[in-house]
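> Using the sequences plus the hints, can you model the full thing?
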Amino acid sequence: MDNKITVLAVDDEPYFLELFANRFRLRGLDVLTASSGRDALAILAEKHVDVVVLDVLMPGMDGIETLKEIKKRHPRLEVIMLTGHSSADMGLKGMRHGAYDYVMKPFEIEDLLGRIRRAHERRRLNQGYAGDDA
Amino acid sequence: MNPLRALAFAPPPKASLPRLGVAALASGLALAAAGLDGPLALASALGAAGAAFAVALPRADAGAAHGREARDMDDLLIHSQKMSVLGELSSGIAHEINTPLGIIGQETELLQLIASRSEFSSLDSSAELLERIDQISIQVERCGEITHQLLDFARKTKAVLQTVNLGELVEDMTRLVEREAGYQNITITRRYRDGKRTISTDPSLLRQVVLNLLQNAVQAVERDGMVTVGTRISGQQAEIEVTDTGCGIQPENLQRIFDPFFTTKPPGQGTGLGLSICMKIMHRLGGHIRVRSSPGQGAVFTLLLPVAGPESANTHDNPPSAYQGDRHE
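From first to last, the protein sequence lines stand for chains G and S. Heads up, the final residue of the first sequence is numbered 139 in the numbering used here, and it's a clean run with no missing numbers. Heads up, the final residue of the second sequence is numbered 611 in the numbering used here, and it's a clean run with no missing numbers.
The hints are simulated quantities; they were obtained by calculation from the structure and are not laboratory data. Hints are supplied without guarantee of correctness; some may be wrong.
[Unchecked claim] Pair by pair, the computed Cβ-Cβ distance ranges are: (1) G:Asn131 - S:Pro382: 29 to 35 Å; (2) G:Arg43 - S:Asp476: 43 to 49 Å; (3) S:Asp354 - G:Phe112: 45 to 51 Å; (4) S:Leu405 - G:Gly89: 36 to 42 Å.
No experiment lies behind these values; they were computed from the predicted model shown. Positions of the beta carbon are idealized from the N, C-alpha and C atoms, including for glycine.
What follows is the structure, given as structure tokens:
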């Protein structure tokens, strides 16, 4: 079994995506990028992804809405929310809609890498179960 | 108020009829009436249903010591039946409401597109038109959050166990509330002991509970006060404690704060499901929630968790004992 983790990064900021992809590829992850929620859903429909790293604030379909759609279509896909500023309300909303973790920007790369690995571990642990909310 | 509703909201008779039957009847009427009134009445109707069931239940502390154990067992049984009926009711209604709600949402999106076309955008009242349509979509979103919480309440949450650093998990959630708390001049004090130790639990479920308690604490303080967050491990038990200097909880409410649909917030500002979902999650994690409070003196919420995970605690679906504030699932 291929142990390489595939991450999909979703953010409306192209420079951020490029930097994210470079930094995490250097650390051995496969990185796909999407510049909007709709883009992300289209990629998820076609490709295998282990963990999604999702920006909360995006124009059009925002992070929470994207999270809801992702969880509806892929209930066992783990999602880490990224946010520019702390908001307990938004955080709780994210958790209630099944986000695995909630990380504030700017993030430390090793810290986020650890969280991505734990999200991936959870997905593997979860694979044996039958989903009740698919 | 329509007659169906008035009847449903009337207090059920004390002991003349089988109480659960009355509760079920009252709940059914409230819900039927809510159906007539539209989806916005849903939350309050469910609140009435929850209250009716709660009234129908004899309290664990009502009896004398004699025969108490048997009564506790009965209470637990009735309680778990009550929860499962409420769960089914909630999810059934949430599913039914979600479909029309989705259609209203989509139609609103279409209206927004149409109203932005040139033939409408040149009208004097175009700004107002758009504003009103926006308001519809905001309210649809709100209904969506309510139905989501209802489904959340009914869902059998699965725990996926991972090794979790206790202090790190709590600190992540504390940082999320800290900035907003700062705006209201609320100081957050940390008292992490054994914060570097790890426990076996479901991190995303536990995060939801910790964040919910922190947010409640900040809301209880309102302004100018303190929220203290502590962690500790003693023996095989991990504790996370959230203390606030808010207004405290009235003794008569203390027994009910974990009841689903119970809320002291003004209508429209809470479904009353937050703490009941928290309690449900904690039972799933093999733990529970303890609360202490005196009016005017703030409140202390303590999460108790088995260090080695739910299997070690042997309390999958049933609460460990029928004591105050721990009567869920």
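> Hint by hint, say whether it matches the structure.
Now the hints, each set against the structure:
1. G:Asn131 - S:Pro382: 29 to 35 Å: holds (32 Å)
2. G:Arg43 - S:Asp476: 43 to 49 Å: The hinted range 43 to 49 Å holds for G:Arg43 and S:Asp476, with Cβ atoms some 45 Å apart.
3. S:Asp354 - G:Phe112: 45 to 51 Å: holds (49 Å)
4. S:Leu405 - G:Gly89: 36 to 42 Å: holds (37 Å)
Consistency with the previously given hints is maintained throughout, with no hint failing.
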